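A.B. asks: Take these sequences, add in the hints, and give me the full structure.
The sequence shown begins at 1 in the working numbering and counts up by one.
Honestly, the hints are just simulated from the structure, not real lab data. One thing to keep in mind: the hints can contain errors.
[Stated by the list, open to error] Listed next, the in silico BS3-like pairs over lysine-lysine satisfying Cα-Cα at most 27 Å (straight line):
1. Lys177 <-> Lys70
2. Lys114 <-> Lys327
3. Lys294 <-> Lys71
4. Lys114 <-> Lys177
5. Lys70 <-> Lys327
6. Lys71 <-> Lys177
7. Lys39 <-> Lys177
8. Lys294 <-> Lys39
9. Lys153 <-> Lys39
[Claimed, not checked] Distance ranges between label pairs, derived from CB positions:
10. Ala204 <-> Arg289: 17 to 23 Å
11. Lys327 <-> Pro199: 55 to 61 Å
12. Val103 <-> Lys177: 23 to 29 Å
13. Gln158 <-> Arg246: 21 to 27 Å
Model, not experiment: these values are computed from the prediction. We put the CB at the ideal spot given by N, CA and C, even for glycine.
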Amino acid sequence: MTVASDMELDLRGLFEQNSTFDYTDYEYKEECHPSNSSKFWAIFIPVLHSLVVVLGLMGHSLVLGVLWQKKQSWSVMDIIILHLTVADTLLLLTMPLWAVEAVQGWTFGTPLCKITGALFKINFYCGIFLLACISLDRYLSVVHAVQMYSRRKPQLIQLSCITVWFFSLLLSIPDWKYLQAARDQRQENMECAHSYSSPRWGLASRLLYHVLGFFLPAVVLLYCYGCILVRLQRGSRCAQKKRAIRVILPLVLAFFICWTPYNIALLVDTIHLDHRGSAEPSGTCEQHRWTAVKLTAVLAFLHCSVNPLIYISLSGKFRCWVLTTLKGCSRALESGDVSLWDSGDVVDKSSLHAMKDFKQPPEKQQTDEVL
1 MTVASDMELD
11 LRGLFEQNST
21 FDYTDYEYKE
31 ECHPSNSSKF
41 WAIFIPVLHS
51 LVVVLGLMGH
61 SLVLGVLWQK
71 KQSWSVMDII
81 ILHLTVADTL
91 LLLTMPLWAV
101 EAVQGWTFGT
111 PLCKITGALF
121 KINFYCGIFL
131 LACISLDRYL
141 SVVHAVQMYS
151 RRKPQLIQLS
161 CITVWFFSLL
171 LSIPDWKYLQ
181 AARDQRQENM
191 ECAHSYSSPR
201 WGLASRLLYH
211 VLGFFLPAVV
221 LLYCYGCILV
231 RLQRGSRCAQ
241 KKRAIRVILP
251 LVLAFFICWT
261 PYNIALLVDT
271 IHLDHRGSAE
281 PSGTCEQHRW
291 TAVKLTAVLA
301 FLHCSVNPLI
311 YISLSGKFRC
321 WVLTTLKGCS
331 RALESGDVSL
341 WDSGDVVDKS
351 SLHAMKDFKQ
361 PPEKQQTDEV
371 L
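C.D. replies: Written as structure tokens, this is what we have:
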């Protein structure tokens, strides 16, 4: 009994001694090691951005050259594509700065940070708003036989484009205000990033972007093309009506393919902001979300060089104009009644000249008028 009691006493003393150990001195922190990913971005982004800039500037230069040759007879689609091209070109001009940032951090100061970051958002807003405008026009034309835009009312399409630019600038105000050059704690160098005075402002800015910039225009686009596709399956003269969406529908698909992953990654990060209610402590790991946003932003940048490829692939008439422009022959394709975007068939010069003397039926003229 004495031995047992002594053992119990000793064990109790042992546990009492261990119970004084303070586990609160330890804090688990998930370690992030961005060095390897930083090396990857420092190689991958400059190479990819260089290819995108070269191909994009070449493609958009051809588009602007063709539109300049055809400036006396611009159609509605010509005007929309002109504004899309200008928006893409402005973003392309900022891509070398982002490539340098991937290698050595942001070294261009806060003013250029605000400009380049705002142009990224302006390009997105202009793209989706312009596509929404022309998609709504196509919806009214195909489904309800009502023309919102036409050559007879050029002021309306110009006013719509100016309004799109105005709201794009308006929605980019948070970027102009809160973007600044700051030290990146992950990579220990400078970065161009948002610095909000309050987490609530950051959350409000994100919600504004997601709701007004993406979800509402996306709903409009999905509704318009859903109704258009249903009408094309049910109605007659489908060939004529399909011409009205032959180029614009691939443009919409390309836009969503390139921009949706970025918006999803940003939305996931926004949900975490809402759950936390404030910025996540610096000791916890945001590496996966940071990498997702970074990678999907590269895909969004890639969209700048995609549109000219779509024009060349789907419009034989546009290809003819490109070849004519490259050859320096400005009078070979003077046909104000021929739209660049209504057919995928290759049209040679002689057929285009023949089209000048061909009087189209009234219904076909109305279809071409909105293109």
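A.B. asks: Please go over all the hints and tell whether each is borne out by the structure.
C.D. replies: Going down the list of hints, with the structure as the test:
1. Lys177 <-> Lys70: violated (40 Å)
2. Lys114 <-> Lys327: violated (41 Å)
3. Lys294 <-> Lys71: This hinted pair is violated, its Cα atoms lying about 39 Å apart.
4. Lys114 <-> Lys177: holds (8 Å)
5. Lys70 <-> Lys327: At roughly 15 Å apart (the allowed maximum being 27 Å), Lys327 and Lys70 satisfy the hint.
6. Lys71 <-> Lys177: Given that 27 Å is the threshold and the Cα spacing comes to 38 Å, the pair is violated.
7. Lys39 <-> Lys177: Distance of about 31 Å is beyond 27 Å: violated.
8. Lys294 <-> Lys39: holds (14 Å)
9. Lys153 <-> Lys39: Violated, at about 54 Å.
10. Ala204 <-> Arg289: 17 to 23 Å: holds (20 Å)
11. Lys327 <-> Pro199: 55 to 61 Å: holds (58 Å)
12. Val103 <-> Lys177: 23 to 29 Å: Distance hint for Val103, Lys177 holds at roughly 28 Å.
13. Gln158 <-> Arg246: 21 to 27 Å: holds (24 Å)
Checked against the numbered hints above, the structure breaks hints 1, 2, 3, 6, 7, 9 and satisfies the rest.
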